[in-house]
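S.K.: Chains A and B, in that order, are what the protein sequence lines are.
Sequence positions in the first sequence follow the working numbering and run 1 to 531.
Sequence positions in the second sequence follow the working numbering and run 1 to 246.
Simulated from the structure, these hints should not be mistaken for laboratory data.
Treat the hints loosely; a few may be bogus.
Dumping the calculated BS3-like pairs for lysine-lysine here, alpha-carbon to alpha-carbon at most 27 Å [claimed, not checked]:
(1) K493/A to K385/A
(2) K383/A to K316/A
(3) K316/A to K106/A
(4) K270/A to K383/A
(5) K14/A to K208/B
(6) K413/A to K142/B
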Amino acid sequence: MYKWFLAIRYLRTKLIAVFGIASVMLCVAMVLVVLSVMGGFLDTVRERARGLHSEIVLEAGTLQGVPYYEEFGAYLQQQLPGVVDIVTPVIYTYGIFRVPATTWTKPARVLGVHLDDYVRVNTFAGGLHYDKYYPGSSRLDPQSMPVAGVGPSGDLVLPPDLQQANASWRESEADPEALTAYDADPFVEAPYPYVTATPRSTSERVYAAEPGPPRYAGPERDGVIVGVDLLFARRTSGTFERYLARGADVALTLMPLSPAGNPMGELPSKVPLRYVDDSRTGIFEIDSLCVYVDFDMLQHRLAMDPQPLADGGMTKPRANQLLISTREGVDINEAKDQIAMAWSVYGASLGLDPDSQEARALGLAAVYTWEDMQRQFINAVEKEKVLVTFLFTLISMVAIVLVGCIFYMIVEKKTRDIGILKSIGASSLGVAGLFVVYAGAVGLVGSILGTIFGSVVVWYINDIQDFLASLHPQLRMWSPDVYSFDQIPNVVKQADAVWVASMAVLASILGSIIPARIAGRVWPVEALRYE
Amino acid sequence: MLRARGLHKSYRMGRSHVHVLRGASLDVGRGEFLVIRGASGSGKSTLLHLLGALDIPDRGSVEFEGTDLFDRGDAIRRAYRRRSIGFVFQFYHLLPECNVLENVLMPRLVAHSLLGWRSARRTARRDAATILERVGLSERSKHRPSELSGGERQRVAIARAIVNDPVVLLADEPTGNLDARIGGEILELLTELNEAGQTVIMVTHDDKVASRAHRRVQLTEGIIKEMDGSGGDAASARRIIKEVAP
């Protein structure tokens with residue numbers, strides 16, 4: 001009993017214990033902050049990576065694509081109706097993206113999608129900029145450029161379909177702050193051609209447009225949705241500098257490949273397009289590279305649609321991926337196995353010559369889950385999290401040494417007490433236990449305080465950052481123009497907190513073991529003589 | 001009851017070896033008030049520590065009620081210190097973080113586990129309160145040792161030593177750090193305890209203090225010799241104490 005009694009008494013009366021508690025507290029807070037921020041970073045990456053594709057992907061594995069994708073999609077929905085929900089093909093290739101209004105060109109990964117289905121199998125729609133304010137207005141089919149006009153009262157007016165779309169967003173938007181933010185600067189955040197904004201004062205802008213009614217102007221061109229980081233630079237506030245007006249002319253240069261993988265045609269094909277929206281998946285590697293065009297247009301431009309054969313027949317159309325969304329509650333790993341099995345059964349049922357190009361293309365295709373597709377990326381972030389946590393845990397080992405030093409000092413100081421306790425019958429083990437319990441109590445109190453402190457830091461980390469940035473811009477720790485996320489992850493997982501706190505208590509106990517053993521071995525007579 | 005035979009003890013002091021006890025032997029009967037005298041550095045405290053099993057002799061034995069304390073492991077000595085012995089030190093040796101009551105309760109706390117204390121707590125507190133009243137400190141039970149005078153601290157030390165109702169009370173120069181008047185009071189208290197049946201073995205180099213014991217032994221050159229004139233009773237001891245006290 002005396003162990004517990006004295007440990008608590010020492011804890012309450014010894015100033016030196018405060019140093020032990022403070023060191024444990026700071027270490028716990030440090031590891032918890034790192035773990036929470038890195039864990040939040042990883043969770044966000046995983047969440048966004050999951051939204052990139054669909055739950056399951058049939059991947060052709062080559063740029064020339066895989067045939068029979070349509071037939072297989074229908075086969076899947078017939079064979080696995082309880083597993084497969086939506087199936088939509090994707091073509092991808094690489095091209096050169098050009099903005100004629102500027103002088104620059106950039107390499108781009110071009111994805112051909114059926115937009116209506118594509119937005120149903122992943123979270124792509126949530127990252128569209130104009131589609132948020134004008135729902136349903138971002139289309140990939142041929143279209144002209146929307147031009148704002150001046151209404152009867154001198155207000156800026158968009159074409160009626162866009163006005164209606166905006167009105168429907170305003171009705172459905174639950175967040176009043178989003179409405180206020182949009183109204184504060186509508187044509188800066190979402191610029192349209194010929195609209196100019198003249199600042200009248202720091203708090204007010206005046207928008208002007210070419211006289212005339214709102215209209216669609218220019219030739220009809222296929223729409224393109226561009227990864228936001230490919231086009232625009234991000235400000236430190238996290239918003240984008242949208243210098244290009246909606247509907248502006250852009251161009252893509254593509255290179256068609258034959259089913260055998262050889263370039264087709266005399267010259268690469270240059271496709272004029274109309275910029276209809278920009279997309280933000282939240283993953284910089286995607287948003288700085290990808291552009292999205294209509295599936296049928298791209299298939300045609302890449303000659304992946306049916307092509308005449310020398311024998312008078314036609315090739316099968318090809319796609320690079322088949323995105324497959326699963327039904328609610330389906331285990332995606334089981335679904336992957338079922339779909340992979342279906343793919344091999346379906347391939348065999350076609351009875352193709354094994355040496356044919358089609359059979360070889362079918363053989364190259366494989367089924368993946370979304371996690372398989374992004375494993376390299378997620379693994380990199382996971383490893384980063386483990387590495388950073390390991391480094392900070394290593395730093396936190398200082399706490400063990402510190403607790404060891406503090407307890408060595410305490411044992412030195414309490415040598416006479418040890419003698420007294422032994423003179424009244426306390427055992428060596430009991431005396432050692434007293435210091436272990438004492439260290440455990442120091443660790444427990446330090447851990448609780450550290451968990452509270454660390455949690456508060458994590459919860460308010462963005463406010464802390466804002467405060468630091470207000471003191472000096474260079475004190476900003478997390479820059480949205482560097483990272484994909486506007487905010488530092490600020491969620492503390494209970495399991496992380498419990499794990500870190502438990503480890504800290506254990507570390508404190510470990511740190512006290514050597515001093516406790518020394519205490520236990522103190523010879524009572526020597527201890528009583530100690531001054 | 002307590003029997004020491006042929007005790008040898010030596011210490012290393014720097015390069016030299018100091019042979020403190022050279023075959024000291026002693027018998028102590030139940031209810032006796034024995035004083036061990038000797039010059040400073042003669043080994044009185046060492047002998048007392050061996051009798052209280054706080055230290056281990058190089059040679060020789062100490063038997064308590066027929067059991068040799070040093071021919072077995074530490075457990076028997078620990079139990080002996082816990083149940084049969086109470087120590088009073090010259091420098092009180094109280095735990096500074098604990099108040100008077102807690103210091104007195106400490107031997108009981110040592111004797112009980114966390115669970116066992118739940119059932120023993122009430123009795124222990126009652127016993128400690130009774131003992132504090134007996135040593136005249138019931139009003140000071142919530143005070144820390146730093147808030148007490150030397151005499152009060154020594155009373156607390158005596159209270160702590162007897163809280164487990166030990167068979168033998170070992171006192172190492174209990175008045176050595178006190179002025180004559182306060183020292184007299186402490187001796188009075190020890191005598192009262194002895195009158196109530198408590199065996200007391202006290203170490204002192206003060207002739208006047210020593211003269212009130214039932215029996216006095218002299219430790220000279222590591223060997224114990226019975227002194228002439230020893231064997232007084234408690235009443236004569238009290239008389240001597242009064243003479244010692246101013």
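S.K.: Look at each hint and say if it fits the structure.
M.R.: Structure-based check of all given hints:
no. : hint             : verdict
1   : K493/A to K385/A : 15 Å, holds
2   : K383/A to K316/A : 43 Å, violated
3   : K316/A to K106/A : 32 Å, violated
4   : K270/A to K383/A : 41 Å, violated
5   : K14/A to K208/B  : 42 Å, violated
6   : K413/A to K142/B : 24 Å, holds
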